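First to last, the protein sequences are chains A and B.
Residue numbers for the first sequence follow the numbering used here, so the first one is 1 and each next one is one higher.
Residue numbers for the second sequence follow the numbering used here, so the first one is 1 and each next one is one higher.
Please note that a few of the clues may not be correct.
From the structure, some residues in chain B lie toward chain A, with a derived Cβ separation under 10 Å [what the hints assert, rightly or not]:
| # | residue |
| --- | --- |
| 1 | G58 |
| 2 | D74 |
| 3 | M90 |
| 4 | S338 |
| 5 | K341 |
Below, a list of computed lysine to any residue pairs in the SDA-like style, where the Cα atoms sit at most 20 Å apart [unchecked claim]:
| # | chain 1 | residue 1 | chain 2 | residue 2 |
| --- | --- | --- | --- | --- |
| 6 | A | K102 | B | F241 |
| 7 | B | K104 | A | M211 |
| 8 | B | K104 | A | Q202 |
| 9 | A | K213 | B | T91 |
| 10 | A | K183 | B | T227 |
| 11 | B | K304 | B | T227 |
| 12 | B | K128 | A | L204 |
| 13 | A | K290 | B | T320 |
| 14 | B | K269 | B | E292 |
| 15 | B | K304 | B | T320 |
| 16 | B | K350 | B | K177 |
| 17 | B | K73 | A | K183 |
Just so you know, the hints here were simulated from the structure itself, not pulled from any lab data.
Treat the numbers as computed from the prediction; the structure is a model and nothing was measured.
In this text, a Cβ means the ideal position worked out from N, Cα and C, and glycines have one as well.
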Amino acid sequence: MKINNLFVWLKQKPRIAFFMCLPLILMVACLIIYPFFYSIFLATLNKAETKFVGLANFLFLFKRETFWLVVQQSIFFALVAVFFKALIGFIAAHSINELPSKGQRKWRGMLLIPWVIPPALSTLGWWWLFEPTYSALNWLLEKLSVDAIPWLSETFWARFSIILVNIWVGAPFFLIMYLAALKSIPEDLYEAASIDGANYWQKLFFITLPMMKNIISITILFSIIVTFANFDIVRVLTRGGPIDTTHLFATYAFRVGIESGDIPLGAAVSLFMFPVLAVLSFIILRNVRKRTNEV
Amino acid sequence: MADVEIKDLHKIFDRTEAVRGIDLSIKDKEFVILVGPSGCGKSTVLRMIAGLEEVTEGDIYIGDKLVNDIPPKDRDIAMVFQSYALYPHMTVFENMSFGLRLRKFSKEDIKKRVEEAAKVLGISELLKRRPRQLSGGQRQRVAMGRAIVRNPKVFLFDEPLSNLDAKMRGQMRIEIKRVHQHLKTTTIYVTHDQVEAMTLADRVVVMKDGKIEQIGTPDEIYNFPRTGFVAGFIGSPAMNFIPGNIVKNKNGYSVFINKQISFYLDKEKEKKLEGLDGKDVLLGIRPEHINEKKSEDAIEYDVKIDLVEPLGMETMVYFTINKVQLCGRVSPENNLMSNNKATLNFNKNKFHIIDPKTDKVI
Ligand SMILES: Nc1ncnc2c1ncn2[C@@H]1O[C@H](COP(=O)(O)OP(=O)(O)OP(=O)(O)O)[C@@H](O)[C@H]1O
Ligand SMILES: [Mg+2]
Numbered sequence: 001m002k003i004n005n006l007f008v009w010l011k012q013k014p015r016i017a018f019f020m021c022l023p024l025i026l027m028v029a030c031l032i033i034y035p036f037f038y039s040i041f042l043a044t045l046n047k048a049e050t051k052f053v054g055l056a057n058f059l060f061l062f063k064r065e066t067f068w069l070v071v072q073q074s075i076f077f078a079l080v081a082v083f084f085k086a087l088i089g090f091i092a093a094h095s096i097n098e099l100p101s102k103g104q105r106k107w108r109g110m111l112l113i114p115w116v117i118p119p120a121l122s123t124l125g126w127w128w129l130f131e132p133t134y135s136a137l138n139w140l141l142e143k144l145s146v147d148a149i150p151w152l153s154e155t156f157w158a159r160f161s162i163i164l165v166n167i168w169v170g171a172p173f174f175l176i177m178y179l180a181a182l183k184s185i186p187e188d189l190y191e192a193a194s195i196d197g198a199n200y201w202q203k204l205f206f207i208t209l210p211m212m213k214n215i216i217s218i219t220i221l222f223s224i225i226v227t228f229a230n231f232d233i234v235r236v237l238t239r240g241g242p243i244d245t246t247h248l249f250a251t252y253a254f255r256v257g258i259e260s261g262d263i264p265l266g267a268a269v270s271l272f273m274f275p276v277l278a279v280l281s282f283i284i285l286r287n288v289r290k291r292t293n294e295v
Numbered sequence: 001m002a003d004v005e006i007k008d009l010h011k012i013f014d015r016t017e018a019v020r021g022i023d024l025s026i027k028d029k030e031f032v033i034l035v036g037p038s039g040c041g042k043s044t045v046l047r048m049i050a051g052l053e054e055v056t057e058g059d060i061y062i063g064d065k066l067v068n069d070i071p072p073k074d075r076d077i078a079m080v081f082q083s084y085a086l087y088p089h090m091t092v093f094e095n096m097s098f099g100l101r102l103r104k105f106s107k108e109d110i111k112k113r114v115e116e117a118a119k120v121l122g123i124s125e126l127l128k129r130r131p132r133q134l135s136g137g138q139r140q141r142v143a144m145g146r147a148i149v150r151n152p153k154v155f156l157f158d159e160p161l162s163n164l165d166a167k168m169r170g171q172m173r174i175e176i177k178r179v180h181q182h183l184k185t186t187t188i189y190v191t192h193d194q195v196e197a198m199t200l201a202d203r204v205v206v207m208k209d210g211k212i213e214q215i216g217t218p219d220e221i222y223n224f225p226r227t228g229f230v231a232g233f234i235g236s237p238a239m240n241f242i243p244g245n246i247v248k249n250k251n252g253y254s255v256f257i258n259k260q261i262s263f264y265l266d267k268e269k270e271k272k273l274e275g276l277d278g279k280d281v282l283l284g285i286r287p288e289h290i291n292e293k294k295s296e297d298a299i300e301y302d303v304k305i306d307l308v309e310p311l312g313m314e315t316m317v318y319f320t321i322n323k324v325q326l327c328g329r330v331s332p333e334n335n336l337m338s339n340n341k342a343t344l345n346f347n348k349n350k351f352h353i354i355d356p357k358t359d360k361v362i
């Protein structure tokens, strides 16, 4: 009888759903919730992790010029990189979509390559390309009789290179999303628009973009989150240099916490990412919910 | 307002030749319907007139202007799609005014035209809604409204009613007719619904395999089909075809079906039948011309009824001659029963004699 009761208890839908989700909930708890609270705890300790210091680590950061530099750089990096990723992704998706369907697969496959290679590896390849004296890029410039460019050792070019590589890695994601969105726009809308008198650009602005509004805003928000929290590209290419001018939150936290050995301060740096990402995530979730309600 | 002239029009897709030489001249204000079985190239012809499909060969004139190489937007046509193709992100008002806005009409003018069209179509209440908040019939009206506001030279319709249920289709059919009587815009309308073809058209164009089978008024197409295909395609239930052969005897010509049954033919037909003695033919007769009414034009035969299908205002009866199932249409008062004998009258004035080799009506 007891076992029977247990089955009845289990059979109620919400309970089953809960148990089905349990592994995932445990995983999220172990890998996300626990580290999150642990880092809050860490951030309130002194360097030796022996004494509770309250908000002292945060206040200390506010007084550091480097920290504010990192804030600016992270925002600038995320906005510029995402803007170009979205733009290039859109243009590429649009171009592929206009190809005859036979050629599309080939291009789609090729253009997806940057996205499927692990970024740490492909960035290594770029690092080699950026190498000032022996590498392909500067060799090419020399052939064109242009002065060699200090790709990674001058602030402007270092930032440029990092953004360039990030765009290279990230644009295919936009390409795929936008290509799928473009394909879901019914052809007869364009035909109706042609008859209504729309030219190429008017079709783009009055049909394509409004029809893709949702997917564009979601991909951009999502990409801002991922880009803002980027680590590997900066780490591999410049390690934050020259003189911290390419640091992002994640790499700066690593520098402060691991390399300089002040783990509580590093935790404090990384916690600054949280409010930004939380707000963006909230907007995305709301967006998604609105979209599902509409459908 | 304009007439449309189509000369030797061809369309070849990769491999298939969808349209194989169409000649058609449509007068100003005329309502022309293209009908034909699925895949016969109706939509392709319409889309070439609209400019959505390139012309492989031949010429299309709209109001004396050769439009082969003119893009759709400059042809001054409007098209209503089967799927309606309303812009989902725009309101009804924006949908209807989109073409006017692109053509730089003034705000007041746009408002006036849209409101007027909305009134004609009875959708004034819906102007602020979006397409997804509309029923099928309402969407259909908006699609028509979008075509009307521009006051184009030619309206093109591609199966505009096929996504509606039967009742709505009937209503919209009347609506379309009303709008055409009101605006008198030249209209080319594709459908495979023959009721639409018969009720709406000034002239019907029957197509088959990318070619025109016959052009004529609905009455001509129905009563005087020129080929077996047209005879069989138009009319529902379809025309009966009974195989037989022509026999000449002292009374004139008749079609011999079997030992019991042979149909005498009218004297009028005699000239055409000259020398066709012994030829295999199909005798075509519509169900409504096989009934219980006695008259001097009728030839009487006793048949065994296989099946009775009462439809309320009439009753369809099915029976077999020479293993061919035939259909007759009798008044419900007769109380015919399945598996009973009945005497049916075949109206000999309404016979169509078809040469099965050429499919031509003799
Ligand atoms: N874009 C295309 N590419 C290749 N073949 C096509 C294309 N469009 C139509 N066809 C072919 O051309 C022929 C005529 O097509 P069309 O759409 O004009 O037929 P339809 O008479 O409108 O038929 P339906 O009543 O089913 O709409 C068909 O055999 C079709 O397969
Ligand atoms: Mg069609």
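Here's how the hints hold up against the structure:
Using the Cβ-Cβ criterion of 10 Å, the hint placing G58/B at the interface with chain A is not satisfied: the shortest such distance is roughly 21 Å. Checking D74/B against chain A: minimum C-beta separation of about 8 Å stays under 10 Å; hint holds. The criterion of a C-beta within 10 Å of any C-beta in chain A is met by M90/B, whose closest approach is roughly 8 Å, and the hint holds. Against a cut-off of 10 Å between C-beta atoms, the interface hint on S338/B is violated, since the closest Cβ of chain A lies about 48 Å away.
The restraint placing K341/B at the interface with chain A is violated, with a minimum CB-CB distance near 56 Å, outside the 10 Å limit. Restraint check for K102/A and F241/B: the C-alpha separation of about 47 Å exceeds 20 Å, so the hint is violated. About 23 Å separates the Cα atoms of K104/B and M211/A, which puts this hinted pair outside 20 Å; it is violated. A threshold of 20 Å between alpha carbons decides the hint, and for K104/B with Q202/A the separation of about 13 Å falls inside it, so the pair holds.
Taken as a hint, the K213/A and T91/B pair is honoured in the structure, with Cα atoms around 16 Å apart against an allowance of 20 Å. For the proposed pair K183/A and T227/B, the alpha carbon gap of about 44 Å is over 20 Å, so the pair is violated. The hinted pair formed by K304/B and T227/B fails the criterion: a straight-line CA distance of about 30 Å is larger than 20 Å. Distance check on the hinted pair: K128/B and L204/A sit about 24 Å apart at the alpha-carbon level, beyond 20 Å; violated.
Our distance criterion of 20 Å between C-alpha atoms is broken by K290/A and T320/B, whose separation comes to about 63 Å. At most 20 Å may separate the alpha-carbon atoms for a hinted pair to count; K269/B and E292/B exceed this at roughly 25 Å. Annotation: proposed proximity of K304/B to T320/B holds, straight-line Cα distance about 8 Å (limit 20 Å). About 30 Å separates the Cα atoms of K350/B and K177/B, which puts this hinted pair outside 20 Å; it is violated.
Simply put, K73/B and K183/A have alpha-carbon atoms about 24 Å apart, too far for the 20 Å limit, and the pair is violated.
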